[in-house]
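Colleague: Fit chain P to the known structure of chain C by using the hints.
There are 2 protein chains.
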Amino acid sequence: MKIIATLILPALLLTARAAEPLPSWNDTANRKAIVAFVEKTTKEGSPDFVSKPERIAVFDNDGTLWSEQPMYFQVFFLIDRVKALAPEHPEWKEKEPFASLLKGDIKGVMASGEKGLMQLLAATHTGMTTEEFAKTVTDWIATAKNPKTGKLLTDMAFQPMVELLGYLRENGYKTFIVSGGGIEFMRPWTEKVYGIPPEQVIGSSIQLKYEVRDGKPVLVKLPELNLNDDKEGKPVGIERHIGRRPVFAAGNSDGDFQMLEWTTSGSGPRLGLIIHHTDAEREFAYDRESHFGKLDKALDEAPKRGWLVVDMKSDWKVVFPPDK
Amino acid sequence: MKIIATLILPALLLTARAAEPLPSWNDTANRKAIVAFVEKTTKEGSPDFVSKPERIAVFDNDGTLWSEQPMYFQVFFLIDRVKALAPEHPEWKEKEPFASLLKGDIKGVMASGEKGLMQLLAATHTGMTTEEFAKTVTDWIATAKNPKTGKLLTDMAFQPMVELLGYLRENGYKTFIVSGGGIEFMRPWTEKVYGIPPEQVIGSSIQLKYEVRDGKPVLVKLPELNLNDDKEGKPVGIERHIGRRPVFAAGNSDGDFQMLEWTTSGSGPRLGLIIHHTDAEREFAYDRESHFGKLDKALDEAPKRGWLVVDMKSDWKVVFPPDK
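Protein sequences, first through last, are from chains C and P. First residue of the first sequence? That's 1 in this note's numbering, and the numbers climb one at a time after it. First residue of the second sequence? That's 1 in this note's numbering, and the numbers climb one at a time after it.
No wet-lab data here; the hints were simulated from the structure. Check the hints yourself; a few may be wrong.
Put simply, identical chains are the same to the list, so a pair is met inside one copy or across any two.
As the list claims (entries may be wrong) - Straight line, CA to CA, 20 Å or less: simulated SDA-like cross-link-like pairs of lysine to any residue:
| no. | residue 1 | residue 2 |
| --- | --- | --- |
| 1 | K209 | L225 |
| 2 | K40 | W92 |
| 3 | K103 | A84 |
| 4 | K209 | N226 |
Chain C with its partners taken away, still in its complex shape (with noise of 0.2 Å):
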């Protein structure tokens, strides 16, 4: 009997992970369709079987994967950058947009507008070279916490997403970040708090030039945009990194329309998933008025295009890891 345990045992506790894929999800139809999907596409012989190296699922970041309230993480690093940077820049304290966010002025950074932006983004993202800043969001994302919720950034992470990365990967899709977000923000800390390597996250990215600096090789950030990855950018990122056409994509507001349009119009067995903050209590609610994350048009077009609306209130029993 010992040996039947030995080698009985471990197969019998392999079927009863495998039967329970997804266990910070609540059983509702989005679940079963989500597991329904990956069974089918997986299973040789499925009249919907998709070979592994077609099996590409795409999720953007911001909202999808972790939360993007009250805004964007990546501008809670830009704002400490510009605060970090400020004693050698003295000049910002009369200049916009620098003075207004020096001072907290929200409405007065927003009131220069794109123009200000850029400025922004070229002194907190650009001038250095690819190492250096890849340092510095490591050691700033160690500590970042969310105003509202004092999590760590990285802590806010959805666990059912995070779930639903390690079950496709299981099934041998390929998993790949299609995000707004800067790609070399996003690569540091994707293949620990997602699984997902650097070489798989596809992001907005700025022009890089290669120069030899005594005698040592770096890429220095420039401050000219190469790929702004959102709407009409994001098949063009994808298309770009990829190749394919992705199978599966998640993401959660408009900017992730073209994404999803893209990825379900194809041939065969495809789906799209929109993630819909829906509970306040243990997350922030909102969709079609938000600064951050609008969902409004891809909502409407859902349903007509078979897309599933994950509502986080009723579909997910955990929004974020258990605290440690």
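Modeller: Same frame as chain C, now just chain P:
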């Protein structure tokens, strides 16, 4: 004894196979150095151990993974496309550089300079959707032959390099192409020929535009450059797509210099490899004076930088796969 044969024999065979990687390489110092590098970077506890996610290997394509003489194979494609499209463009008979190209007057084409080349590229590589272009490439490469060897172009992949790609992958390396050639010209066939999926192909690229035509979304190829993935562009392409510095890089021309420099100047173990075309009998012999794949500075710098220079004539038992 039967059970021993069943259990032990496959293990012995595996050992035998693992003991002889790179069968198409002669057992030269270069082969030994490659094997020693892979062993030391993948053996747990080795001081030069590289964790699996960091095992990134990058390969130039033209002249490194397949031939590039008498000219880059993508130029054959371009010429064939101009001929195929000529009936729809009667004006090309009078218009340079199309007129010279259609008459087979390569000197006349060259006289039109970079501007002429851009016109040819625009006419043959832009204006269509990415899916239409991929189909054109797939159909063309199925039968396209090299005028000097009479071989199918895809049969001019270097057998020793295909083995090297496989050997690296068996040892947990992720293999990427980083080519000056067009990203969308390579992706339709690199998986079949090299085992490299589209998402691991980096190349020169143009701008894409997302639009919905009659309710069907498409990506249209525009006549504007996105990335010239050559020379300084190669480390930029690597950073954009991979986001880590490779551990292993192979090239064959001065266009690969910066990729090898960037790779091998990282800390820890690194390997740079240059394929030197020295075999006029089995392939082609060229270096410092060649119009395609000029190898001059990188050849001079290789010994100083510890890059291996592969001598095709003496290092390789065979160049191409055996005729089918």
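Colleague: Taking the hints in turn, state whether each one holds.
Modeller: Tested hints:
no.: 1; hint: K209 - L225; verdict: both (13 Å within a copy, 16 Å between copies)
no.: 2; hint: K40 - W92; verdict: neither (58 Å within a copy, 52 Å between copies)
no.: 3; hint: K103 - A84; verdict: within (14 Å within a copy, 65 Å between copies)
no.: 4; hint: K209 - N226; verdict: both (12 Å within a copy, 14 Å between copies)
The structure shown violates just one earlier hint, number 2.
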